[in-house]
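> Same order as they appear, the protein sequences are chains F and A.
The first sequence begins at 1 in UniProt numbering and counts up by one.
The second sequence begins at 1 in UniProt numbering and counts up by one.
If you are wondering where the hints come from, they were derived from the structure by calculation, not from laboratory data.
Hints are not guaranteed to be accurate.
What the hints assert, rightly or not - Part of the chain F face toward chain A, derived, beta carbon under 8 Å:
1) L45
2) V46
3) G63
4) I66
5) R94
6) E99
7) L103
8) K107
9) E109
10) R110
11) H112
12) V115
Values in this document were obtained by computation on a predicted structure and should not be read as measured data.
Even for Gly, the Cβ is constructed at its ideal location relative to N, Cα and C.
Residues per chain are reported as follows:
2 protein chains.
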Amino acid sequence: MSAHSSEPVAPVEAPEPPYYVAVFTVVRTPSQDGYGETDARMEELVKGIPGYLGMDHAQTPGGLGITVGYFRDADALTAWRTHAEHREAQERGRAEWYESYTLHVAKVERSHTFVRPPAPQGPTAG
Amino acid sequence: MSAHSSEPVAPVEAPEPPYYVAVFTVVRTPSQDGYGETDARMEELVKGIPGYLGMDHAQTPGGLGITVGYFRDADALTAWRTHAEHREAQERGRAEWYESYTLHVAKVERSHTFVRPPAPQGPTAG
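Required output: the full structure, derived from the provided sequences and hints.
In structure tokens, the structure reads:
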């Protein structure tokens, strides 16, 4: 799933632990017919899962893609994993789009977010 | 940290749970002087941490970067987090290289790896 957005890019801020992360690391095949549409549809669907907290995505051109989904608890993750339309997309992914992937499901114990403070105003030049 | 390698790209295969993931999601500033050298040095150093299991990295050009480090246990992660040279790099990152980031530290409960089977040999054409 991609972050298709025209908003400024920023990482999802750390929710209050505990919560779950689903880390999906993938290399795709050259056959990507229909991938973009399905990806956008999944991004829409997951927002309807109670306990869904957000998603980060990065894609090295021609290389590895990483998607990290954040969920309040294991039930929220199960609801997403077993969603009928998501299961169909997973099957199609294995049949067509994915060369290899790993999924890691993990319970977050601690997290923090850093945001750069605004640059100090120096004395006016001139 | 980047995956600087000329080997074929593939996600790190799922180790046997439990293990830990450190998920680092970051947007960088335009000031990247010295970043590449430090990044390469950190990649070298982390390999010396007992219990380090591997790393995945993806970078959307001009957008989000995600690095996922895998560690056997919490002690391995602590050894890496508190490594003197790594701490210096973290400080320089906050001072110069990072616009914003989030770090999620989580214990993996389950994981699996998919690798595409070789394409079946069809009947010889012609």
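> For the hint on F/L45, does the least C-beta distance to chain A fall short of 8 Å?
violated, 21 Å
> Return the status of the interface hint for F/I66: holds when the least beta-carbon distance to chain A is below 8 Å, violated otherwise.
With Cβ-Cβ at 4 Å, under 8 Å, it holds.
> Close enough to count: is the Cβ of F/G63 nearer than 8 Å to one in chain A?
Holds: closest Cβ of chain A sits about 5 Å from F/G63, inside 8 Å.
> Given F/R110 was flagged as interface, is its beta-carbon under 8 Å from a beta-carbon of chain A?
holds, 5 Å
> The hint names F/V46 as touching chain A; please verify it with the least Cβ-Cβ distance against 8 Å.
violated, 17 Å
> Does the closest beta carbon of chain A sit nearer than 8 Å to the beta carbon of F/H112?
holds, 6 Å
> Go through the hint on F/E109 and say holds or violated, using the shortest Cβ distance to chain A against 8 Å.
Holds, about 6 Å.
> Taking the closest Cβ pair, is F/R94 under 8 Å from chain A?
Since chain A brings a Cβ to about 6 Å from F/R94, closer than 8 Å, the hint holds.
> Minimum Cβ distance from F/K107 to chain A below 8 Å?
F/K107 check passes; min Cβ-Cβ to chain A is 5 Å, inside 8 Å.
> With 8 Å as the cut and Cβ atoms as the points, is F/V115 at the interface with chain A?
Holds - the Cβ of F/V115 comes within 8 Å of chain A, reaching about 5 Å at its closest.
> Per the CB criterion, is F/L103 less than 8 Å away from chain A?
holds, 6 Å
> Double-check F/E99 for me: the hint is only fine if its C-beta lies closer than 8 Å to a C-beta in chain A.
holds, 5 Å
In summary, the numbered hints that this structure violates are 1, 2.
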